[in-house]
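J.: Residues per chain are reported as follows:
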Amino acid sequence: MDLVVERPEGLYCPPGDFFIDPWRPVERAVITHAHADHARPGHAHVLATSVSEGVLKSRLGDDLPFFGLAYGERVAHRGVTISLHPAGHVLGSAQVRLEHGGQVWVVSGDYYLSAHDERNPTTPPFEPVRCDCFITESTFGLPVYRWRPQAEVFADIDAWWRANAAAGRPSLLLGYSFGKAQRLIAGVDASIGPIVVHGAVEALNAAYRAKGVALPPTTLVSEVPDRKMLAGALVVAPPAVHASAWARKLGAFSDAFASGWMALRGARRRQGVDRGFVLSDHADWPGLQRAIRASGAERVIVTHGYEAVMVRWLREQGWNAGAFHTEYGGDAASSVDEVAAPAPAPAPQIGGERHRDGDRDRDSDSDPAA
Amino acid sequence: MRRFARLYAELDASTSTDAKVASLVRYLAEAPPEDAAWGVYFLAGGRPRQTVPTALLRATAVRLAEVPEWLFEESYQAVGDLAETIALVLPPPMRRSDVGLAQWLTERLLPLRGAPPDQQAAALAGWFDELLPDERFLLIKLIGGGFRVGVSKLLVQRALAQHGGLDAKLVAQRMMGWADARTPPSAARLQALLAKEAQPVLDAGQPYPFFLAHQLQAEPESLGSPADWLAEWKYDGIRAQLVRRAGQVWIWSRGEELVTERFPEVVAKAQALPDGTVLDGELVVWKDGAPAPFQLLQQRIGRKTLTKKMLAEVPVDFIAYDLLEAGRQDLRAMPQWQRRERLEALLQGSGLLISPIVSGQAWGDLSAQRAGSRQRGVEGLMLKHRQAGYGSGRTKAAGVWWKWKIDPMTVDGVLVYAQAGHGRRASVYTDYTFAVWNRAPRDAAEAQAVVEAIGRREPAQPDALQLVAFTKAYSGLSDEEFRGVDARIRATTLEKFGPVRSVKPTLVFELGFEGIQRSPRHKSGIALRFPRMLRIRDDKPLHEADTLQTLQALLDAANARS
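Line by line, the protein sequences give chains A and B.
Counting from 1, one number per residue, gives the positions in the first sequence under the working numbering.
Counting from 1, one number per residue, gives the positions in the second sequence under the working numbering.
The set of hints was computed from the structure by calculation and includes no laboratory data.
Be aware that a few hints might be false.
[Unchecked claim] Partner residues are not named here, just some residues of chain B that face chain A (Cβ under 10 Å, in silico):
# : residue
1 : F72
2 : A123
3 : A125
4 : G126
5 : E130
6 : H422
Built from N, CA and C at the ideal position, the CB exists for glycine as well.
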């Protein structure tokens with residue numbers, strides 16, 4: 001029996017009678033992580049990692065009927081053993097392992113893995129889980145996506161920041177406020193200058209710090225004591241502030257966008273920023289292959305991204321491969337409008353500024369043109 | 001190469017002209033002169049002949065990346081640029097090298113031209129394995145002759161002037177022909193370009209920087225009295241300079257390409273000119289005392305060898321409209337009217353054509369004559385201030401030339417297919433195919449029924465109402481409009497054929513074009529010149545889009561003149 005099938009509401013586990021990251025309200029949902037396209041509102045019961053509880057509740061409501069699991073902790077439900085394992089994507093992100101009738105299936109959610117042995121410093125690294133069937137994302141499922149070692153990318157970001165600071169101008173670094181922003185803040189050389197953040201970013205910084213993730217000190221833009229401080233500062237903000245009144249108030253700055261999509265020159269140029277740094281919280285092509293091999297699965301089901309490409313490639317490599325249609329992220333090569341198609345969750349927002357800045361923040365990388 | 005790759009990345013990333021000039025100046029200061037000479041050559045638009053065939057480049061990349069051909073093609077469709085796809089799809093390099101640009105060209109790339117394919121493939125494999133993706137990208141662009149960067153010649157000249165402490169106009173003058181370079185770039189040539197001496201000896205055939213015209217957006221009345229202006233027809237040909245010096249003739253295109261050999265009949269006539277003469281003018285196909293459509297000229301340029309038949313059937317003439325040098329004297333600072341008088345005196349009886357002056361007492365007179373442009377086979381009028389000097393490039397300091405073009409012909413077409421663009425438009429649907437009705441729909445309901453049938457993928461009935469594709473267009477919209485249309489296309493996609501999507505027809509566009517010709521090479525039987533989108537007609541219901549009869553009428557009107 002297949003442990004996960006496609007339903008109009010989302011990916012469904014028939015023996016356990018629950019859904020995984022459903023896009024419609026359901027009775028029981030297992031949530032891989034708190035990005036808006038995976039964690040939708042309206043479910044009667046939610047199971048997720050304990051680490052993600054704070055962010056999930058701040059987005060879906062404090063009264064969220066939440067059941068938390070530690071990484072690796074097992075729980076049985078209607079004969080299905082459920083456990084959650086690190087995916088390396090954002091705070092609290094997990095792969096879902098399901099065991100039933102001698103079979104093991106794993107749903108990856110979104111995960112970060114590359115050819116290099118390195119980790120996202122803000123969350124435990126992707127843990128390969130042996131299984132019979134691996135359901136994998138494919139956001140960057142083309143062989144042109146190969147991440148450089150992140151140390152090199154951070155060296156570039158630091159050099160850019162340093163040069164701007166020397167020239168007396170702020171460095172406005174755009175990245176999604178949940179996940180990418182914290183990874184940036186944790187990864188840069190904080191000795192270069194002060195780190196100033198947008199309100200939407202600071203709200204999530206607090207959630208990370210509450211879970212013991214070490215981040216260098218950050219200051220809200222609205223609380224910067226002296227505008228001179230901005231001249232040498234790294235200002236971390238969501239992409240939505242690009243070319244906004246909020247950004248103009250910083251004065252003459254240099255701007256940059258950190259995203260996996262910045263790997264392509266066309267996307268970089270469309271973005272209209274001074275620099276594009278290729279930094280993703282998703283697996284690149286070598287990372288996807290690595291995860292699939294490490295799972296030991298004979299059967300692979302591909303979701304959100306380049307499903308058709310990955311399925312054909314995996315079949316040619318001898319896998320039993322298929323695809324599920326999901327409503328996460330979006331067609332990887334799509335425009336902002338298509339990604340924005342599903343209505344954003346009308347959830348209570350963290351902090352006061354989130355709502356105004358319009359940061360959709362569904363997924364750190366699923367939106368190439370935001 | 002590393003240095004040039006960094007310069008390229010900086011120029012590519014920046015939108016500020018000051019920042020671009022600063023990057024260029026830094027490069028010129030840091031790069032060894034022999035490398036900088038090649039750098040300037042490429043930035044000035046220089047393109048050595050392709051050293052390795054594209055098919056071999058691609059096949060080598062597919063082999064080294066260990067991906068199947070279809071997967072490479074999928075990647076290419078997403079990336080939108082072959083060089084970039086190759087640069088990214090290959091595994092990271094095992095080694096790193098830092099060979100200078102000059103050495104890359106003279107010792108590695110140029111000698112590879114014409115080598116056996118396996119030798120070329122082996123060389124490529126070695127090089128790919130010592131370069132990072134951005135360096136590979138540049139290498140492939142240099143190999144394939146597709147190097148382009150978002151920096152104008154004017155900016156390169158500004159940077160060179162700043163670097164050498166020279167006047168930018170002098171640099172512009174000295175740079176003419178750099179890109180054509182039959183003699184390869186070298187440290188010595190760069191030194192000559194930057195020499196402090198007032199007027200170094202020019203190459204005998206060197207042209208002057210072209211003075212470029214600006215589009216007249218305002219009403220002509222804003223220009224003051226028509227008596228201050230010289231009006232001429234605006235020809236639709238190839239802008240060219242004819243240089244007669246040292247007993248020889250050179251013809252340069254506006255792209256600074258030497259095209260002398262392609263126009264032997266013009267060269268023959270130019271032999272009669274006195275030595276030390278430079279004319280500015282237009283190369284046009286001239287038949288029965290009138291200019292022929294540009295398409296004919298295009299056909300002639302497209303041929304590798306010029307046959308006698310071609311010369312007889314598609315004769316090209318040079319219509320002179322300015323005199324830049326006479327008696328070895330640079331006349332460019334002289335007022336327009338004076339250059340014009342000298343031009344008329346010089347060409348009298350020479351057999352070369354002069355662009356006639358269009359006279360009119362009032363703007364209304366000129367406007368009325370301009371309205372007849374299409375019948376004359378011209379694009380409108382040129383207005384040149386009588387006191388204007390001959391400037392350099394798009395500068396306005398010496399005076400201005402205005403293009404006062406006629407409004408384009410227009411047709412309202414329906415968007416039926418879309419394809420993603422290239423470069424910065426990769427992955428955005430920006431290249432569209434438009435259709436017109438084969439006859440006017442009776443009403444909205446009849447048109448809607450056809451649209452619904454298309455939505456159900458039913459083939460059109462032969463004699464029934466249907467949409468007929470007739471042209472492609474991919475320019476004229478703002479980035480924001482393109483984003484909106486892109487979203488509509490994704491929402492209304494019916495089928496995907498490789499990179500092309502068919503959509504359920506919902507969008508009407510006003511399309512503009514400069515000419516219409518019958519063409520057996522096009523499915524619809526017609527070819528448009530410069531088709532582009534003028535605006536989205538959200539106000540226009542689908543059934544009011546134009547028809548084949550509209551196109552036929554435009555075609556008849558266009559043919560009526562010849």
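J.: Next step is simple, just say for each hint if it's right about the structure.
T.: Hint check:
1. F72: 8 Å, holds
2. A123: 23 Å, violated
3. A125: 17 Å, violated
4. G126: With a minimum Cβ separation of about 20 Å from chain A (threshold 10 Å), the hint on B/G126 is violated.
5. E130: Since chain A brings no Cβ nearer than about 16 Å to B/E130, farther than 10 Å, the hint is violated.
6. H422: Check passed: Cβ of B/H422 comes within 8 Å of chain A, closer than 10 Å.
Hint compliance for this structure: hints 2, 3, 4 and 5 are not met, and every other hint is.
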